[in-house]
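**Q** One letter stands for each residue in the lines below.
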Amino acid sequence: MKKRILAMMAVIALGVSSLSGCGNSGEKEATTTDTKEATTDEAASTDEVITLNFPCIWVGTDSKAAVFGKMVEGFNQEFAGKYQVVIEEQTDYDFYRDKIRTSISTGAAPDIFTSDSMEDLKLYAESGKLMDLTEFLGGDVASRFTGTTIEDSKINGANFAMPYEMAVVPIMFNKKLLNDAGITAIPTSYDELWTACDALKAKGVFPTTQMTNDNAWTSMLWYSYAVAACGGADAYSKGLEDPAFLQAAEIMQKMFTYTSSDAVGADASVVNGHFFNERAAIYVNGSWILGRIKTEGVEGLYDNLELSPGLSKDGQNGGAYVNAVQAYFAAGKQDDPKKQEAVKAFFEYITNQDRVLELANSSGSLFAIDIDATKIENTLQATIVAQSQAAPFMVPYFQASVPTAVANAFPSALEALVLGDITPEGFIEQLQAAQ
Amino acid sequence: MNTVKKGLFGFLKWFLIIFFAIYTLFPLVWLFVTSLKTNAEYFANPFSIPAIPQFQNYINAFSQANLGRMIFNSVTVAFIATFVNIMVAAMASYALSRFKFKGREVIFALFSAGVMVPLNALMVPYFTIFSKVGLLDSLNSLRILYAAIGLPLSIFIVRGFMDSFPREIEEAAYVDGCGFFGRFFKIVLPLTKTGLVTAATFQFLTCWNEFVYANLLTSSPETKTIQIGIRYFTNQFTTDYVSMYAAIVIAIIPSIVGYMLFQEQIISGLTSGAVKG
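Chains as they are written, first to last, in my numbering: chain A, 2 to 436; chain B, 110 to 386.
Calculated from the structure, these hints are not laboratory results. Only true hints are included.
Straight-line alpha carbon distances no greater than 20 Å define the calculated SDA-like cross-link-like pairs of lysine to any residue that follow:
| hint | chain 1 | residue 1 | chain 2 | residue 2 |
| --- | --- | --- | --- | --- |
| 1 | B | K295 | B | V284 |
| 2 | A | K130 | B | T237 |
| 3 | A | K130 | B | M232 |
| 4 | A | K295 | B | A149 |
| 5 | A | K130 | B | K241 |
| 6 | A | K295 | A | N379 |
These figures come from a predicted structure and were not determined experimentally.
Bound conformation, chain B alone (with noise of 0.2 Å):
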C-alpha cells in the first residue's frame, strides 16, 4: 500500500513539475521559435516550426531598431532608478520601523496607497512637471520617477523586513559604540537583505518594462527605452510581428541573465517575503 501510495504521490510530482514546467516554459519557446519565422508563415500557422530560420529578423530588430543603443539607455535607467529607489525605500522603512512619531501609520498607509493610484492618471502633472524643471527628452526624467512610482510598493515590502529584525542586535551594536549612521548602513542594511533584494527586484522589472512614461517624457533616439523598442515594429495599421518577436526575445535576455545572477537572493526574498509583508 505504502510502495503503491509513494508511486502516485512521485507521479503526481512529476506530473505537477512538468505540466507547469512545461506552462511556464512554452511562452518563451513559441516567442523564440515564432521569432525565427516569416510574417507569411506566422499568419499560416502561428504553431509551425520555420522552414527556414529567419536569422534576419535579429538583425532587423538591431539594424532597424537600434535596440543596442535603446537596451544601454534601459539598463541604465533600471540600474539607477532601482538603486535610488531602494535607498530611500531603506531609510523611510527604518525610520517608519523603528522611530515612534505621531502619525506614523497615516505616513505608512499614504504611501502603502500609492500602489493603488493607476499610473495613467497621473499623466498630465508628471509631463507637467518635467516639462518646467527642463527634464523632457532626458533619461534623468525616468530616472526620477521611475525611483518615485516604486516607493509604496519598495516600502510597503522593505518595511515588513524591518519590523521582523531583532531590535536587540541594534542595541548591542549601540553598546559597542555605534553610531546612527553606521547601525544602519553596518547592520540594518545587510541584515534586511533578503527584503531589499525582493523589493529591487520588483523596482527592475517595473522599470525594465515600463512604456507608457517612457514614450511620454521621450522623443529623441538618444533617449528611447527597450520597451519603445520593441514597439518599433508595429504601426497604425500594420506590424512585422516577427521581427517585433525578435526584439523582445532580446529585450527578456537582460531579465533572464539578472535573474541567474541573483535566483538565491530573489527566491529566498519572494518566498520569506510572503509571510513578513
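Bound conformation, chain A alone (with noise of 0.2 Å):
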C-alpha cells in the first residue's frame, strides 16, 4: 500500500511540476501582460515599455508598504506604455542585503535598490556599478531635500545615491514608571540618568531596554547617543581610536546593569516586548516604532511618551539627535539612456513632497524630503522633527558610520564586554580587529 502511495506521489511530483516548470513563465507572462492591459491601454507596443526591476523591502508588512505600494502602482499608471516598475518584494532585510550584494558582484546589478550602508554603496561605486545620479540631483529636484543630505551623501564628488528614508531616533521615556519612582524630570545628562535608573530598579522596574542578538539595533542606538555625548559631531571623523569610543563603552558596561536579566542574547522581540509592556522604561528606536507602540502596546503607554534627544556628558554635547539616512536609492549603472532616463522618473515620481508627506503620515518614519511639517498629523513625530530641528548637533548612528565588518563585530563585542569577558579597551580592539 505504500509503495503504491510512493510510487503515485512520485509521479504526481514529476507531472505537477514539469507542468509548473512549462507553466512558470506562460504564469509570469500572464500577470505582467494583465497588468500591462491594466496600465497601457494606450500602448502601441510592449516594446516599448521600460521595466524597472526593484528588490524592494517596504512590502508585506512594513510600515511604508501600503503607501508606498500605492506610489508605485501611481508611477506605472502615470507613464503607462512608457515605463514600468515591478517590485521584487523581500522581507527579510540581511538576506536582501546578501542579495544586492551578489547581484552586483556578478554584474546583474538590479535597476532600482534601496541601501542603508554607506559603505556598502562606496564600494559598489567605486567599482563601477551604480548609476551617477550627480547631475539628476543637482537639478531640479535638489531643492526637494533636506539641509546638507545630497552634499552628505557624496562618494568621491558624485552622487551614486540618492537619500530618502532618515533615521530620527529619539530617546523614549514612559512618563508613568518615572513619575512612580520618584522622577519628576526627564533625564538630560547621564548623571540624572543614573539617578533615574537607580529609583526605577529600586520600584522593580527595568530602567533601559537592551539587547545583544542580531544587530544589536537598539543597543547600538544607546552606544551612538553615548558616542555623541563623549565625543561631539565630529567623533566618527576621528576614527575608533577616539577616546570617545572607549568612554562611550564604559556607558554602555554600566547601561547593562541597569536593564533586563535576558539583555545579553535578547532581540527586538524582547526589547520591544518589555517596552510595550512597562517592564522597562527606557528606550531608545526610531520614529518608526511609534506605531506600533500606540497599537501593540499597554492601554496608554503610548500617551505617557515623552521624547528627549541626546544626553550630556560632563556637561558637554547635549541634545543631540542621532538622525542618518537610514535608506538610499540607487540604480545598477544603465547603458541604455532611455532606462536612464526611467529611473531618474521614479525618483523624481517617488521624492514629490505631497507623497512623501502622505507616506510620512501613514508610516512614521521621516525622510530627507522637506515636507511641510505642520502638516504631521501625528504629535510625537511632529515633536521628534522639531526636537531635531533644534538639536546643536546631529550625528549617524554607528552601525551606518563604520565599515559593515565593524559594525558586524559590535553585537558580539558588546556581549563580551556586558558579560565581562573583555574590558573597554578590550571592546574597542575587538572593533579594530575587525576594520
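Given two chains presented individually in distinct reference frames, assemble the corresponding complex, making use of the accompanying hints.
**A** Put into C-alpha cells, the structure is as follows:
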C-alpha cells in the first residue's frame, strides 16, 4: 500500500512539477500582461515599455508598504506604456543585503534598489556598478531635499545614491513609570540618567532595554548616543582611536547593569516586549516604532511617552540627535539612456513632497525630503521633527558610520563587554580588529 | 528486591519517555498556541494562553503571503530535487561501491568533503552560473541546485548501505541472466531501499527548509517557496510574530504528514544507517 502511495506521489510530483516548470513563465507572462492591459491601454507596443526591476523591502507588513506600493502603482499608471516598475518583494532585510551584494558583484545589479549602508554604496560605486545621479540630484529636484543630505551622500564628489528615508531616533521615556519612581523631570545628562535608573530599579522596573542579538539594534543606538555625548559631532571622523568610543563603551557597560536579565542574547522582540508592556521605562528607537507602540503597547503607554534628544556627558554635547540616512535609493549602471531616464523619472516621482508627506503620515517614518512639518498628523512624530531641528548637532548612528565588518563585530563585542569577558579597551580592540 | 528494581526501572523508563515527549512536543505546542494569539498578548507574556483564539492569523498567512502557491512550489521543488538527488546518488554510490578503479577513494573523499563546504560561501558562483544559463527566477534552478548540493551527504549514506549489500545476490542475478541495468534497478535499488529512504529524508528536509538560495535565485511571486513565505511577516524593524508563527505551523504540516506516511522506513533507515555509514 505504501509502495503504491509512494509511487503515486512520485508520479504526481513529477507530472505536476514539469507542468509547473512549463507553466511558470506562462503565468508570469500572464500576470505581466494583465498588468500591462490594466495600465497601458494606449501603448502601441509592449516593446516600448521600459521595465525597471526593483527588489524592495517596503512590502508585506512593513509600515510603508501600503502607501509606497500605491506610489509605485501611481507611477506605473502615470507612465503607462512608457515605464513600468516591477517590485520584487524582499522581507528579510539581512538576506536582502546579501542578495544585492551578490547581484552587484556578479554584474547583475538591480535597476533600482535601496541600501542603508554608505560603506556598501562606496564599494559598489568605486567598482563602477552604479548609475551616476550627480546631474539629476543637482538639478531641479535638489530643492526638495533637507539640509545638506545630497552633499553629505556624495562619494568622491559624485552622487551615486539618493538619500530618502531618515533614521531620526529619539530617547523615549515612560513618564508614568518615572513618576511612580519619584522622577519628575526627564534626565538631560548621564548623571541624571543613572539617578533615574537607580530609582526605577528600586521600584522593580527595568530602567533601560538592551539587546545583543542580531545587530543589537537598540543597544547600538544607545551606544551611538553615548559616542555623541563623549565625542561630539566629529567623533566618527576621528575613527575608533578617538577616546569617545572607549568612554561610550564604559557607559554601555554601566547601562547593562540597569536592564533586564535577559538582555544578553535578547533580540528586538524581547526589547519591544519589555517596553511595550511597561516592564522597562526607557527605550531608544526610530520614529517608525511609534505606530507599533500605539497599537501593541499597553493601554495608555503611547500617551505617557516623552521624547528627548541625546544626554550630555560632563556638561557637554547634550541635545544631540541621532539622525542619519536610513535608506538610500540607488540604481544599477545603465547603458541604455532610456532606462536612465526611467530611473530618473521614478526617483523624481517618489520624492514629490505631497507623496512623501502621505508616506510619513501613514508610516511614522521621516524622510530626507523637505516636507511641511505642520502637516505631520502625529504629535510625537512632529515633536521628533521639532527636537531634531533644534538640536545643536546631528550624528549618524554607529552602524551606518563604520565599515560593515565593524558593524557586524559590534554585537559580539558588546556581549563580551557586558559579560565581563573583555574590558572597554578590549571592546575597542575587537572593533578595530574587524576593520 | 527484584520488585523494587523493576519498579524503579519502570519509573525511570516512563520518566524519560515523558520527559523527552514533553521536550519534543513543547516547542510545537507553544508554536501552535502562540500562532493563535495577538501580538500584544505575545509581547505581554509569550507563554500565556490566548484570550480569544485568533484564527485570523492563519487567514492572514494564506491571504497576505500567498502561502498556497508557495507550498505548491516547495512541494514540487522538494520532490523533484529529492528524486534526482537520490537517483544520481544511487548510481554514483553503486559505481563507488562495486567497481574497483584508480582514484575511487579519492573521488569518494572529494564527494564527502562537500559536506563541509559552507553553502553561503558559494552564493556568488552559483548566482553567476544560473545567471549565465538563464535560469534565474525559475524553480528549475532550485531543483537543480538542491539536487546537487545534497549529493555529498546522500552518497555518503547510500554508499554505506551498498557496501554492506552482499555481492552474492547480484552474482546470482547475473548467473540468472540479469543485465547491468536489471541488476541495478531490480536488485540493488529495492534491496537498499532503507538507505535510499534515509538519504531521501535528509534531502527532502534540506530542500523544504532551505532559504538562502531560494531567496537569491528567485524574485517573482510565482517562484517563491514556503521559507520565503514564512519571512513575509518580518521586515526591517518590525515583525508580525503571530502571523509568522501561523505560517510556520502551516509550513511544518507537510513534513509531519510525510513522516507519518513513511515513519517505518525513516526510523529503520536512520537506525541502521547509524551503524552502516
